[in-house]
Amino acid sequence: MKSSLYGLLVGALLFVSVKSSAHVITVLAPELPANSERDGTGRDLEIFSAVMERCGREVRFEFSPFLRHLRNYTHEHMGDAVMTVDLSRNAPGFATIPYVYYQNGVVILDSADVKPYSLSSLEGLRVVYFSGAPRLLGFDVQDRGFAGSFEFLDDRVHARVLFYGRVDAVLTDGLIFSEITRNLSADHSFGLELDLTQKVMFIPMFPPTPYRAFFRSEALRDEFNRCLRILEGEGEVKAINVKYVDEHRDMLGYGYLGY
Numbered sequence: 000m001k002s003s004l005y006g007l008l009v010g011a012l013l014f015v016s017v018k019s020s021a022h023v024i025t026v027l028a029p030e031l032p033a034n035s036e037r038d039g040t041g042r043d044l045e046i047f048s049a050v051m052e053r054c055g056r057e058v059r060f061e062f063s064p065f066l067r068h069l070r071n072y073t074h075e076h077m078g079d080a081v082m083t084v085d086l087s088r089n090a091p092g093f094a095t096i097p098y099v100y101y102q103n104g105v106v107i108l109d110s111a112d113v114k115p116y117s118l119s120s121l122e123g124l125r126v127v128y129f130s131g132a133p134r135l136l137g138f139d140v141q142d143r144g145f146a147g148s149f150e151f152l153d154d155r156v157h158a159r160v161l162f163y164g165r166v167d168a169v170l171t172d173g174l175i176f177s178e179i180t181r182n183l184s185a186d187h188s189f190g191l192e193l194d195l196t197q198k199v200m201f202i203p204m205f206p207p208t209p210y211r212a213f214f215r216s217e218a219l220r221d222e223f224n225r226c227l228r229i230l231e232g233e234g235e236v237k238a239i240n241v242k243y244v245d246e247h248r249d250m251l252g253y254g255y256l257g258y
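When we follow numbering that gives the first Met the number 0, the leftmost residue of the sequence shown carries the number 0, and every step to the right adds one.
Simulated from the structure, these hints should not be mistaken for laboratory data. Each hint should be verified, as a subset may be incorrect.
DEER-style ranges, computed between Cβ atoms [what the hints assert, rightly or not]: (1) N182 with Y100: 20 to 26 Å; (2) G123 with P97: 46 to 52 Å; (3) D109 with G234: 18 to 24 Å; (4) L195 with G234: 34 to 40 Å.
All residues carry an ideal CB built from backbone N, CA and C; glycine is no exception.
Modelling step: build the complete structure from the supplied sequences, incorporating the hints.
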C-alpha cells in the first residue's frame, strides 16, 4: 500500500513538473553588449522579459552571437521564439510589432578636427562599421568617398582601432559602443598604449532602427503584441530605455533615441 501511494505521489510530481516546464518559452537571443548579455541583463532583454511577464509567461533565453541566433531559429529549428530581428529579415512563424529600437550613429574622438553630422561629412575619413551596416542603414560604401572603410563583425574591434588612431570614425550603435568601451577600460590585457581615457562623442546620424521578434505560435505572438502595447501605454518601456541610456550619459548625451 505504501509503495503504491509512493508511486502515485512520484507520478503526480512528475506530471506537475512536465506540465510546468511545458509553459517555459525558449527564446533565442543574440549576444549584444548593454542590450542582451549572457548573465540575463541588458536593455533588449529587460524589455522582452517585461512584456512576457505581463503576459504571465515564463521565458528561458538561449544565447549565441548576433545573426547566428536567427540562423539557429530558422535553419536548426531551435527555440519557440527569436528576438532582435530587423525589419528587412524574415523568419518562420509570426512576426511581432517592433518592441525595441537601436540608435546607430557615428562615434569619433572628441579631439577630432571634424564633427560629422551627416554621411557626406565623413568623406575623406577612415571609417569602420559593423557587418551589414550599409544594407541596414542604407548607404553605398563606394559612393561615400571614404579614405578607407573597414567592416568587422566583432564590435570590440571598432573601439580598439578608434583609440589606436587607425580610423577616424565608427558607424555603430551608441549604447553598444559605450558598453564595450567601459568593458575594455576594466581589462588591462590590451596594453598601456591603448588610451581609453580619451573622450568620445556619439552623433545619432541615422533614424532609430526597429527590431521585432518571431514566435512559432500565432497565439503567443498575439499575446506579446497585446502586452507590449500595455507596457508602452504605462511608460514602462520608455523607463527601461532611459535607465540604460542614463548609465552611459557621458558618451551618449541626449541623442540616443531622443532620451
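Tested hints:
Checking the proposed 20 to 26 Å range against N182 and Y100 shows it holds: the Cβ atoms sit about 23 Å from each other. For G123 and P97, the Cβ-Cβ distance of about 35 Å falls outside the hinted range of 46 to 52 Å, so the restraint is violated. In this structure the hint that D109 and G234 lie 18 to 24 Å apart at CB is violated, the actual value being about 33 Å. The supplied range of 34 to 40 Å is met by L195 and G234, whose beta-carbon atoms lie about 35 Å from each other.
Hint compliance for this structure: hints 2 and 3 are broken, all remaining hints hold.
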